[in-house]
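Hey, can you work out the whole structure from these sequences and the hints?
Here the protein sequences line up with chains A and V, keeping their order. Our numbering puts the first sequence at residues 5 to 129. Our numbering puts the second sequence at residues 668 to 969.
Just so you know, these hints were derived from the structure itself, not from any lab. Any given hint could turn out to be false.
[To be verified] Looking from chain A toward chain V, a few residues come up when the C-beta cut is under 8 angstroms (computed): (1) GLU45; (2) THR48; (3) ASN103.
[What the hints assert, rightly or not] For lysine-lysine, the following DSS-like pairs were computed, each having C-alpha atoms within a straight-line distance of at most 27 angstroms: (4) A/LYS56 <-> V/LYS929; (5) V/LYS840 <-> A/LYS12; (6) A/LYS90 <-> A/LYS36; (7) A/LYS12 <-> V/LYS896; (8) A/LYS12 <-> A/LYS69; (9) V/LYS798 <-> V/LYS840; (10) V/LYS832 <-> A/LYS56; (11) A/LYS90 <-> A/LYS56; (12) A/LYS12 <-> V/LYS921; (13) A/LYS36 <-> A/LYS56; (14) V/LYS840 <-> A/LYS69; (15) A/LYS69 <-> A/LYS90; (16) V/LYS800 <-> A/LYS90; (17) V/LYS714 <-> V/LYS800; (18) A/LYS88 <-> V/LYS929; (19) V/LYS921 <-> A/LYS56; (20) V/LYS832 <-> A/LYS12; (21) V/LYS714 <-> V/LYS756; (22) V/LYS840 <-> A/LYS36; (23) A/LYS56 <-> V/LYS840; (24) A/LYS84 <-> V/LYS929; (25) V/LYS929 <-> A/LYS12; (26) A/LYS12 <-> V/LYS893.
For glycine and all other residues, C-beta sits at the position ideal for the given N, C-alpha and C.
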Amino acid sequence: MLNMDGSKPIYVQIAEWIETEIIDGTLSPDDKVYSQYQLAELFTINPATAGKGLTLLLEAEVVYKRRGLGMFVASDARDKLFAKRKEETLRRLIRELLNEAALLGVDDSHLLSMIEAERARIKGE
Amino acid sequence: MTVIEFNDVTKTYGRRTVLDKMNFSIRQGVLTGIIGRNGVGKSTLMKIAVGHIQATSGDVRVFSVNPFNSLKVSANSILVDDAMSFSDKLTLKDILQEAGRFYPNWDGPLAQRLFDYFGFHSNARQVDLSKGKKSTFNAIIGLASHCPVTIFDEPTTGMDTVARKDFYRALLKDYIAHPRTILVSSHHLEEVEDLLEDILLIHNKTALFHGPATDLQEMFVNLIGKEEKISTFIADREIISSQINGSYSEILVKNTFTSDEKSHLHTQGIQLVPVSADDAYVALTTGKKGGIDHVFNGTTAD
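Written as structure tokens, this is what we have:
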């Protein structure tokens, strides 16, 4: 759920939480998205803050608004989010990985073999 | 629409000035936190707003009228604080009944459900309640009154952790179901910041900040990274506080970085960590003091 340790503003976390619901298929295209009041209750936050999270998604055109009915998932929302997460989240994690590897003197081939080993371990679980 | 308005409001007690030419206005339906350190005048401000006391000078408007001696304000507002007491001739059940007669929007079923949930006994009297239980009982009255202006002054005093969490959750749910203008004061900002739409920060007898809680949360940023790398970025910035842990520094500065500067910081391995409203509040009210570490290093801050 939300990580309330303040590492990201709450409304950004709200937007990301809905994004994850879209990426993992809990929410499909044209499904109704939680209202700001439902989100406020769910996470015990002010409805205005929840509304800011929804506004982020609206501006990114991940959701669209139907007057009087609320927000709905855009048809290309998943593609957009995949592209965004690859560009932002995955790249950031790779950069962190490379920084850590450089610090420890782990070269590329060693790093790749560690990735392969980890993948095998996940499959074995 | 503005519901509460303070224009150049000053309040003095004898020679001591508590509020000095304070200006702010509260929009209808906004849940606002009144935040400040002990003794900055939060309670005084709240008592003036509901007309319990009179400002020394300046203009106060609540529902467009002066709240002092106003029946209109009295019938449409409630102030819940630890001075809220009821006759010891009345049982708790009697008090709920009387409150139902006085407040036109009284939600009797909600009051009864909260009363039962928190384990009160109908025949108990308010004077016999523990500090925390008294706060809880008063808070139930504040919630169930559904007053257009509802003010809670340190509502969770004496409540245990569970009761505090329950109260804030009840406050939020009731606010969503029945939107109205609510003020809540607290010196524990971290406990209420997620509930608030706006924050009114009182410091040095005046309103130091008034705006969305999220603005306060984004006002500052903590830079964390190697000291020698950070120093090039902060050369011409005001450092609010700094903490050095080994070769890593944590530097608190105003969050005015452009997105280009931010990505540059990232490539240099410097983390930008958002600051909670509570930490921003501490930064705003303590100013440039260098942090607690400087006290131990024996250096003096200016």
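Q: Below or equal to 27 angstroms on CA atoms is what counts here, so check A/LYS12 against V/LYS893.
A: Holds, at roughly 22 angstroms.
(Q) Given the hinted pair V/LYS840 and A/LYS12, is their Cα-Cα distance within 27 angstroms? (A) Holds, because 24 angstroms separates the two Cα atoms, which is no more than 27 angstroms.
Q: Please work out if A/LYS88 and V/LYS929 have their alpha carbons no farther apart than 27 angstroms.
A: Holds, because 18 angstroms separates the two Cα atoms, which is no more than 27 angstroms.
**Q.** Agreement of V/LYS798 and V/LYS840 with the hint, judged by alpha carbon distance not exceeding 27 angstroms
**A.** Judged against 27 angstroms, a Cα distance of about 24 angstroms means the pair holds.
Q) Are A/LYS84 and V/LYS929 close enough, with their CA atoms no more than 27 angstroms apart? A) holds (23 angstroms)
Q.
What's the verdict on A/LYS56 and V/LYS929, does the C-alpha distance respect the 27 angstroms limit or exceed it?
A. Distance of about 22 angstroms is within 27 angstroms: holds.
Q. Against chain V, with CB atoms and a cut of 8 angstroms, does the hint on A/THR48 hold up?
A. Hint holds; A/THR48 Cβ to chain V Cβ min 6 angstroms, cut 8 angstroms.
Q) Taking 27 angstroms as the top limit, are the C-alpha atoms of A/LYS69 and A/LYS90 close enough? A) Within the cut-off at roughly 26 angstroms; holds.
Q) Is the Cα-Cα distance between V/LYS714 and V/LYS800 27 angstroms or less? A) holds (23 angstroms)
Q | Interface hint status, A/ASN103 versus chain V (Cβ within 8 angstroms) | A | Constraint on A/ASN103 satisfied, holds at 6 angstroms.
(Q) Check the hint pairing V/LYS921 with A/LYS56 against an upper bound of 27 angstroms on the C-alpha distance. (A) holds (22 angstroms)
**Q.** chain V contact restraint on A/GLU45 - CB to CB distance below 8 angstroms
**A.** For A/GLU45, the interface hint holds, since the closest Cβ of chain V sits about 6 angstroms away, which is under 8 angstroms.
Figure legend: structure checked against the earlier numbered hints; the only hint not met is number 16.
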